[in-house]
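Same order as they appear, the protein sequences are chains A and B. Per the numbering used here, the first sequence starts with residue 1, numbered consecutively. Per the numbering used here, the second sequence starts with residue 196, numbered consecutively.
No lab work stands behind these hints: they were computed from the structure. Careful: at least some of the hints might be erroneous.
[To be verified] Pair by pair, the computed Cβ-Cβ distance ranges are: (1) A:Glu-50 x B:Ala-274: 52 to 60 angstroms; (2) B:Ala-288 x A:Ala-194: 39 to 47 angstroms; (3) B:Asp-365 x A:Arg-192: 16 to 24 angstroms; (4) A:Ser-34 x B:Phe-261: 23 to 31 angstroms; (5) B:Glu-235 x A:Glu-27: 24 to 32 angstroms; (6) A:Leu-32 x B:Asp-271: 39 to 47 angstroms.
[What the hints assert, rightly or not] Now the stretches of chain B that chain A is said to cover, found in silico as 3 or more residues with beta-carbon under 8 angstroms: (7) 241-251; (8) 292-301.
Positions of the beta carbon are idealized from the N, C-alpha and C atoms, including for glycine.
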Amino acid sequence: MGAVVTGSTAVPVLSGTQRAILAAYTELIEELGSDDVSYRVIARRAGIAERTVFRNYPTRVDLLLATAAWIEATLFAREESHSIFDVPLAIRDAMQRYDARPELAHVVAETAMRGVNGAAPSPGRAQLERLLDAEVPSLDPAHRRAVIAALSHLDSVGTWVTFRREFGMDGRDIADAAAWAAEAVLDGIRDRVAP
Amino acid sequence: MEEPVDTATAILASAAVLLRERTFDDISYRALADEVGISERTIYRQYPTRAHLLAALSNWIEQTCFPLPPFVTVSDFCAAVHQRFHAFDASPAYAYVGARASAISPTLDTEPAYLTRAIEAMLDVAAPTLNRRDRRRVAASLRYFSSAMFWARLRTGLDLDAAEICDAFDQAVSTVLARLPEATWARS
Chain A
1 MGAVVTGSTA VPVLSGTQRA ILAAYTELIE ELGSDDVSYR VIARRAGIAE
51 RTVFRNYPTR VDLLLATAAW IEATLFAREE SHSIFDVPLA IRDAMQRYDA
101 RPELAHVVAE TAMRGVNGAA PSPGRAQLER LLDAEVPSLD PAHRRAVIAA
151 LSHLDSVGTW VTFRREFGMD GRDIADAAAW AAEAVLDGIR DRVAP
Chain B
196 MEEPVDTATA ILASAAVLLR ERTFDDISYR ALADEVGISE RTIYRQYPTR
246 AHLLAALSNW IEQTCFPLPP FVTVSDFCAA VHQRFHAFDA SPAYAYVGAR
296 ASAISPTLDT EPAYLTRAIE AMLDVAAPTL NRRDRRRVAA SLRYFSSAMF
346 WARLRTGLDL DAAEICDAFD QAVSTVLARL PEATWARS
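Hey, can you work out the whole structure from these sequences and the hints?
Following this line, the structure appears as structure tokens:
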């Protein structure tokens, strides 16, 4: 079993208080079906003073970004792929995980799409590049970029959101369609691995 | 911009103006109320939560700033998407609002976007004998690669410009379509 990867940007070490805040907020998002939860309610759930929440996360954006990173690193954490050709399996797996926690999946998807104020939209990119370069080093730069772009796009919670919202797919069909598309991206390079 | 006909639209038009100088997160209902010249409470009545405002703003921006050229063939589809990605590059703040709105938990029973329907119609014509499952997988993939999310991810996460994003899009489309059996393509 591989180590758990949390993306290229390491999640900062959290204090016990911070973990309690993020866990409380995460629970509330799932219960209420919205990230619009007041600091007072979060503090009460975490069993701390509202002021402590503000001291750790001065703005809602700070809180939301920290929570999304925490959710990705814990609830949506995944096994590391050992080959670029394992990525479709990892994607299939991830989609099923998103489907089990829809509210949290939306929160993670949204924070990644905020532009400069948001989370890194392709946290797994460095990992994908490592795998691709190790196995298929002969790609020209444009082709390599296109493969990385397509795979990091498919290997994201945005896939789950879009397939569900625009096509009404259930978790199984989303996992299947996303893995299928990732296999399509890899089809062109299957026979080009380094000896 | 022409005179908005109703309060709801006036709010969106003003929000779009404010988006030129600050992010969506930094547009408070108070500032928006001042900009439109109405009370904050009127905005809450139209858009009870920021998610409602975001979704409505994104729709409005989509219609006024990023109209999608109609397409029937795959090459027209690619050309239409290229045009969109270039328009996104010219108005990144607006494009991010679109990407973000398409990621949130839907606030209303929203219809699939026009783009989704157009892709499905295109596949019906281009590959009429394709089985349902494959058609849906192809449609979903093409839809996702043509989304504002794709543009936003590649621009922020991979630092690509519109021309490079269009290249990556074209390659993604051709790899997905290459998976379809030759026989399913309509002869023209």
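Do the hints match the structure? See the list:
no.	hint	verdict
1	A:Glu-50 x B:Ala-274: 52 to 60 angstroms	holds, 54 angstroms
2	B:Ala-288 x A:Ala-194: 39 to 47 angstroms	holds, 43 angstroms
3	B:Asp-365 x A:Arg-192: 16 to 24 angstroms	holds, 20 angstroms
4	A:Ser-34 x B:Phe-261: 23 to 31 angstroms	holds, 28 angstroms
5	B:Glu-235 x A:Glu-27: 24 to 32 angstroms	holds, 31 angstroms
6	A:Leu-32 x B:Asp-271: 39 to 47 angstroms	holds, 44 angstroms
7	241-251	holds (count 3)
8	292-301	holds (count 7)
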